[in-house]
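Generate coordinates for the entire structure from the input sequences, incorporating the hints supplied.
2 protein chains.
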Amino acid sequence: MAQKKLGTVHIAILGLGTVGGGVYKLIERQKENFEKKIGCQIAVKKILVRNIHKIRDGVDASLLTDNFDEIIRDDEIDVVVELMGGIHPAKEYVLKALAAGKQVVTANKDLIAAHGEEIFGAAAEKGLDFKFEAAVAGGIPVIAPLMKSLAGNDIEEIIGIVNGTTNFILTKMTAEGMEFADALAEATRLGYAEADPTADVEGYDAGRKCAILSTLAFHSWVTDKDVITEGITKITAADIHFAKEMGYVIKLLAIAREVEGEIISSVYPALIPQEHPLASVNDSFNAVFIRGDAVGDTMFYGRGAGELPTASAVMGDIMEVAVDMLMDACGRTGEVCYRKLPFKPQGEIANRFFLRMHVEDKPGVMAAIANVFGINNVSMKQLLQKSLGADEAELMIVTEKVKEKNFRNALRLLTEMEIIKGVSNVIRVHGLK
Amino acid sequence: MAQKKLGTVHIAILGLGTVGGGVYKLIERQKENFEKKIGCQIAVKKILVRNIHKIRDGVDASLLTDNFDEIIRDDEIDVVVELMGGIHPAKEYVLKALAAGKQVVTANKDLIAAHGEEIFGAAAEKGLDFKFEAAVAGGIPVIAPLMKSLAGNDIEEIIGIVNGTTNFILTKMTAEGMEFADALAEATRLGYAEADPTADVEGYDAGRKCAILSTLAFHSWVTDKDVITEGITKITAADIHFAKEMGYVIKLLAIAREVEGEIISSVYPALIPQEHPLASVNDSFNAVFIRGDAVGDTMFYGRGAGELPTASAVMGDIMEVAVDMLMDACGRTGEVCYRKLPFKPQGEIANRFFLRMHVEDKPGVMAAIANVFGINNVSMKQLLQKSLGADEAELMIVTEKVKEKNFRNALRLLTEMEIIKGVSNVIRVHGLK
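Heads up: the sequence lines are chains A and B, in that order.
Heads up: the first sequence begins at 1 in the working numbering, then just goes up one per residue.
Heads up: the second sequence begins at 1001 in the working numbering, then just goes up one per residue.
Hints were generated in silico from the structure; no laboratory data involved.
The beta-carbon is built from N, C-alpha and C at its ideal position, and this holds for glycine as well.
Hints are not guaranteed to be accurate.
These stretches of chain B come out as covered by chain A in the derived footprint (C-beta under 8 Å, 3 or more residues) [to be verified]:
| hint | segment |
| --- | --- |
| 1 | 1035-1048 |
| 2 | 1127-1140 |
| 3 | 1252-1266 |
| 4 | 1301-1310 |
| 5 | 1326-1332 |
Derived DSS-like pairs (lysine-lysine); straight-line CA-CA distance at most 30 Å [as the list claims (entries may be wrong)]:
| hint | chain 1 | residue 1 | chain 2 | residue 2 |
| --- | --- | --- | --- | --- |
| 6 | A | K421 | A | K401 |
| 7 | B | K1036 | A | K91 |
| 8 | B | K1096 | B | K1031 |
| 9 | B | K1340 | B | K1096 |
| 10 | A | K25 | B | K1433 |
| 11 | A | K36 | B | K1126 |
| 12 | B | K1036 | A | K126 |
| 13 | B | K1433 | A | K244 |
| 14 | B | K1036 | A | K96 |
| 15 | A | K234 | A | K381 |
| 16 | B | K1096 | A | K340 |
So this is what it looks like as structure tokens:
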């Protein structure tokens, strides 16, 4: 079937912030190439903004509107590109666009993580495209590879560094021995962290991306509320220092795994071995590590945010939608979620743990700890003790894999012992063979 | 437009070697999921083999045929999956399949690198799918991301480690100080190198992949003959040792760049900084680093060969073709090559060079070398000298970027000087900021 002819695909952009502005720029930049690359032209017909009177350099002011209904009522507009972020009114706008028969492209992770099922359903019902490559890991192609190129795999595990702000902070802490608060201040100064950094440093942003990745990987709905989330605010320079001495770096990881028919979907800081491909993903870069039963280990690396990197992902989606329209083949996604898997209870999840404690430095201490570990099925893999003088020491242990409930039991017993002066931190360990 | 109903997509597999066997296995493994993932079933109807009497475990013998015409004449066969490798008769079979209106999926890099234009043209003319994700970097999704997800970018540069055999050999040499011949013997023993390793160690295999990547990146036909290829046979343990002392590792790179409207497409061993994302791609792993004008730096990492990793890529393509058929949307590629760019002459290409020389260790030597460099516009970036005793020394220089012809001029003058006892090696340097 030869390609049908179509003149121009008209789009409306909702929001002209960093990403919206980037998409507008990229469309201008690629204008000459669309016809050859995809067989039709792409043109911006309208841009929804709050204030149509604000001067915006390089943007045709006649495109601006502050009235969403104008976009919905414009039959020439084929594609709505939602780049406002947040849940409301983005959700209402996306659903209205779909109801009006318009294809939708979005970068909105919050929206998909919270209301993916409803929105995917609305798009499928209408046979419309709903694309969101930019919602996870910004410019890095990871959604399309996961949904299409790797479709012949059962996905076993995804481990992602999907938040640039926290990766920048941890990189600073690692490279310069900074404490969290100082690294955060530096990130804020350089514009990597927002005025209110909560969503980043508490892991909520990464949690939303983890929900989306989990959903697509395991074909079972996972929302942001299902993701167990722990941030990096309790990570100290000392944790990073001692982890390094034991051969690890600390990264904020989004973890999606299917184990025995149950889903694990979590975000937390973790130790990974220095030679792991994710260990050298530094600064504000993102990377997503995907293990499939056929392909084995793969990794996708690049910029997870920023004007043009994110716009690159949105642009790829818009061009795909245009080709789908050209071929009259929109709504070509299969069933996104055809399974309904339970979540593995936290206590039943087996992980390795890094435990850092302040202990008395005297004979018998190790025997006492080993005893508590033994009765709780905790085995030690690595141990490092540093004398602090005055008969006290800092003790670092990396355990073998153990169910979290067993480890927590052991930990509770340890904290009750007089020889243990204090537990400095407990961090999970990933990526060991 | 709701999805049309289609029962089963029937495929024929040409060749039941490693990859063909892997695809057969994966189809069996995913049988339960196809309907849900893509809305139809996929079934193997015929398998072309040389010897239909050979016993093949787990393969339904009634599917085997040694007669390609049986496949062509079978109207129920929708997709021909060519996994024989080599140019003949693969080329004739692929063209006949397209002529008969069958979609084609292949993993055949040799074929595309040599005859891409003819085959893409035949597929486009018939409005058929022609997919080849497995042809470059095996299981790693890189063709689809490059052609689709990154379509909104002008691609500036691709640097790939796309040959697992040579990467295994160089990793061995680096980790264990082995010489090339010993590492090759080890690779052969472990099955990483073929009995005749020429295509791998001389860089021809990587060259074919480089041709394909260059074509897709710059939208201008590049064949394997256009790629300037240099293998790793002249790399010594000493090169690797001294490169390491200066902060680099040596990798066989496929380089595709567009500079001032001209294409550079080459394969050669090169030094890259130890902190470059490609530097930690070890053993038989592959990785492709892509820089786009919007997305910036991205990297795709994974297994470049092997039964199931390669089958994973082929499977992704087959499933895409099935969805295209379901939507009556085959042949949806735009114009692959809508430009016709010249190649930059080798002498005009600016690179950094690593130069290792055996020199006399006496006053005035450096001045003489610096003088030759100066009159040829070669600047030094890094220098390392190691005394060899007896008034001789090993001198390692990394230059700043310089046109190859200028560097070669300088090199010719240096070799004529008495103070230079011999040039041990010249290796290009990549990935420095």
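Taking the hints in turn, this is what the structure says about them:
Under the rule that three or more residues need a Cβ within less than 8 Å of chain A, the assignment of the segment 1035-1048 of chain B holds, with 4 such residues. Look at the segment 1127-1140 of chain B against chain A: 4 of its residues bring a Cβ nearer than 8 Å to a Cβ of that chain, three or more, so the hint holds. Coverage of the segment 1252-1266 of chain B by chain A is violated [criterion: at least 3 residues with CB-CB distance below 8 Å; count 0]. Beta-carbon proximity to chain A at under 8 Å applies to 6 residues in the segment 1301-1310 of chain B; the threshold of 3 is reached and the given coverage holds.
Residue count for the segment 1326-1332 of chain B with a Cβ under 8 Å from a Cβ of chain A: 7. That meets the three needed, and the coverage hint holds. As the CA atoms of K421(A) and K401(A) are separated by approximately 25 Å, the hinted pair is consistent with the 30 Å bound. Restraint check for K1036(B) and K91(A): satisfied, since their Cα atoms lie roughly 27 Å apart, inside the 30 Å limit. Restraint check for K1096(B) and K1031(B): the C-alpha separation of about 28 Å stays at or below 30 Å, so the hint holds.
For the suggested pair K1340(B) and K1096(B), the alpha carbons sit about 28 Å apart, so the restraint of at most 30 Å is met. Restraint check for K25(A) and K1433(B): satisfied, since their Cα atoms lie roughly 26 Å apart, inside the 30 Å limit. Among the hinted pairs, K36(A) with K1126(B) is consistent with the structure: their alpha-carbon atoms are about 18 Å apart, no more than 30 Å. At roughly 18 Å between alpha-carbon atoms, K1036(B) and K126(A) fall within 30 Å of each other, so this suggested pair holds.
Of the pairs offered as hints, the one joining K1433(B) and K244(A) holds, with about 27 Å between alpha carbons and a cut-off of 30 Å not exceeded. In summary, the hint linking K1036(B) to K96(A) is supported, as the alpha carbons are separated by about 28 Å, within the 30 Å threshold. Distance check on the hinted pair: K234(A) and K381(A) sit about 24 Å apart at the alpha-carbon level, within 30 Å; holds. A hinted pair counts as satisfied when its Cα atoms are at most 30 Å apart, and K1096(B) with K340(A) does not qualify at roughly 45 Å.
Of the numbered hints stated above, those contradicted by the structure are hints 3, 16, listed in ascending order.
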